[in-house]
Amino acid sequence: MNNKELIASLSARLGWNQFETERMLLAFSSVLSDRLADSDTVSLPDFGQFEVRKKMERITVNPVSGKRYLVPPKIVPTFRPVQQLKGRFKRKDDNGE
Amino acid sequence: MESKLTLKELVTLLAQKSEKRNDDAERFVKELVAVIIDGLSAEGKVKMKGIGTFKTVAVEPRESIDVNTGRRFMIPAHLKLSFTPEKELCEAVNSPFAFFETIELNDNVDFSDIDIAKESEGILNEKSDETEDIEAEDTEFEEIPRETDALIPAVPVNQKALDDNNIPTNNNLVGEDETINQPTIDNPEVKNITPEIEPIQELQDDLKPEPVSESVEKLSSEQTQTPIVESVTKDAETIVPKKISSKSNSKELFLLVAIFLLLIAIGGGLYYIYTREPIVLPQPKTSVDPVVLYKADTTTTALQDSALQDSALAKSDSVVAKTDTVASEPEVIGVEKTVVGSRLAYIARKYYGHKFFWVYIYEYNKALIKDPNNIPIGVELKIPSPKLYGIDAKDSHSVELASQKQTEILNHFQ
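Which chain is which? The protein sequence lines are A and B, in order. In this text, residue positions in the first sequence follow our numbering: the first is 1, and each later residue adds one. In this text, residue positions in the second sequence follow our numbering: the first is 1, and each later residue adds one.
One chain only, chain A, in its complex shape:
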């Protein structure tokens, strides 16, 4: 499902027009990225939580050339689904679907 289909399906459910839904989705993503940039955690019930993780700097070796590189530390956004959602996908697969 791409962004267009997502908006179409959302506006059908909400009874809003597509333009409105798109604007709302944009606002949602900007709020989310603002909060994450402030290292906040954003949790959505029955879905999961968005949070940031700090990755330490590390030294990697290119196996072909043998050169060593210092990869700098970075902060990455992550999503942790709630247990319930994880279980849902697991079970679904168990049923052979």
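FYI, nobody ran anything at the bench for these hints, they're computed from the structure. From the three backbone atoms N, C-alpha and C, an ideal C-beta is built for every residue, glycine too. Be a bit skeptical, because a hint or two may be false.
Said to hold, decoys possible - In silico DSS-like links for lysine-lysine, alpha-carbon gap of 27 Å or less:
(1) K86/A to K370/B
(2) K55/B to K4/A
(3) K20/B to K86/A
(4) K80/B to K54/A
(5) K86/A to K387/B
(6) K20/B to K4/A
(7) K45/B to K4/A
(8) K387/B to K370/B
(9) K74/A to K47/B
(10) K370/B to K74/A
Said to hold, decoys possible - To give a feel for the contact side, a few chain B residues facing chain A, derived at Cβ under 10 Å:
(11) G50
(12) L79
(13) L81
(14) F83
(15) P85
(16) G341
(17) R343
(18) Y346
(19) Y362
Starting from the known structure of chain A, fit chain B onto it as the hints suggest.
For chain B alone, coordinates are given in the frame of chain A:
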């Protein structure tokens, strides 16, 4: 900051941003979650603009051991939810660290105390995006050693000028000092220093009315970056008291902090030089140094105008001549007393920057050391000057020679 946002807070923020009512925003978020879950169930992939992609990933069945019973059991194949953030979001989150870049490490940088993470798998995956970064970084990185290289040839010329010319300028001295300093600094440090210099140049413009800075600026245009650093400390010394009396706005405060940090950096650098070559540091020189620098400075600029400065000129001459004799290379750069746990390799790394060069310390102290693997305790090892054996930790050829010598010596003792 680092707080956990609940649905309520998120909805409030969202309502403000989109200028909608709170309950509309809440309904939107709930429906969004429902649509995403539906989409994942139906298609296994949902893409959201500005956030990222949610995807279900199939996990192969695998065997595991129950930690409680110790029995083997199979974890069945299942689906896992994965989230790949969009580049936009990554950049927004990573903005505090955005200025970092992947850098290539030189061969002779010793990281023996840091674990090397051989993440060959990770590299293969990330190769495509990372190689570009690395290439760009490569060129940038190589430029820095080149700059220092350009300074090295300047040393013999300056020294020659010191011997021949009767009116040596102070920047000869400064240049010499700094060139000794520069090559010994590790590459990352050089990188740290270079960006610092730009703001300094701006600083200089602010400080222009000072007579010292004017003359110094003249010098700095002739020389490369190093004299600039020197000159600004001089400026700083003259300016600091004035600034403290009129501490008013934050800009000045920032200036003070910058100058203070710079002074510390230079102090550290000088300390490093003096500890490396203790004989170059006779006490009279350190006390006279700033004065001499200043004096020589004024003499050079005022030289064309007046001959009245002759006496002062002669004075600075004699001082410079004195420092010249002092600065001539000693054969021994230090004495190291061995204690329990001393290793030639450690000593070599301390003095020369690479452990392989222990062979030269051994060579020089052969009379004292019978077996390099088992050095006597309590003897004073003389550390030969790196010039004596052509020791240069940055030169791979020099390291190579030392390494050959090492195998030779170690074979002899086996």
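Problem - K20/B paired with K4/A [C-alpha distance capped at 27 Å] - result: Judged against 27 Å, a Cα distance of about 22 Å means the pair holds.
Problem - Restraint check for K20/B with K86/A, where alpha carbons must lie at most 27 Å apart - result: Violated, at about 32 Å.
Practice task
For the hint on L81/B, just tell me whether its beta-carbon gets within less than 10 Å of chain A.
Solution key: holds, 5 Å
Handout entry: Y362/B as chain A interface residue, shortest Cβ-Cβ below 10 Å
Key = This interface hint is violated because 29 Å lies over the 10 Å limit.
Handout entry: Interface hint for R343/B, Cβ within 10 Å of any Cβ on chain A
Key = violated, 24 Å
Problem - G50/B as an interface hint toward chain A, with CB separation required under 10 Å - result: holds, 3 Å
Practice task
Could you check if Y346/B really has its C-beta closer than 10 Å to a C-beta on chain A?
Solution key: This interface hint is violated because 22 Å lies over the 10 Å limit.
Handout entry: Proposed proximity, K54/A with K80/B (alpha carbon, max 27 Å)
Key = Cα-Cα ~23 Å, so holds.
Practice task
Compare the distance between the alpha carbons of K74/A and K47/B with 27 Å, and conclude whether the hinted pair is satisfied.
Solution key: Holds - the C-alpha atoms of K47/B and K74/A are around 24 Å apart, at most 27 Å.
Exercise for the section: Quickly compare the C-alpha distance for K55/B and K4/A to 27 Å and report which way the hint goes. Expected result: Holds: K55/B and K4/A sit about 17 Å apart, inside 27 Å.
Problem - Agreement of hint P85/B with chain A interface, Cβ distance less than 10 Å - result: holds, 4 Å
Practice task
Take the C-alpha atoms of K86/A and K370/B, compute the straight-line distance between them, and say whether it is at most 27 Å.
Solution key: Violated, at about 68 Å.
Violated hints, in rising order: 1, 3, 5, 10, 16, 17, 18 and 19; the structure is consistent with all others.
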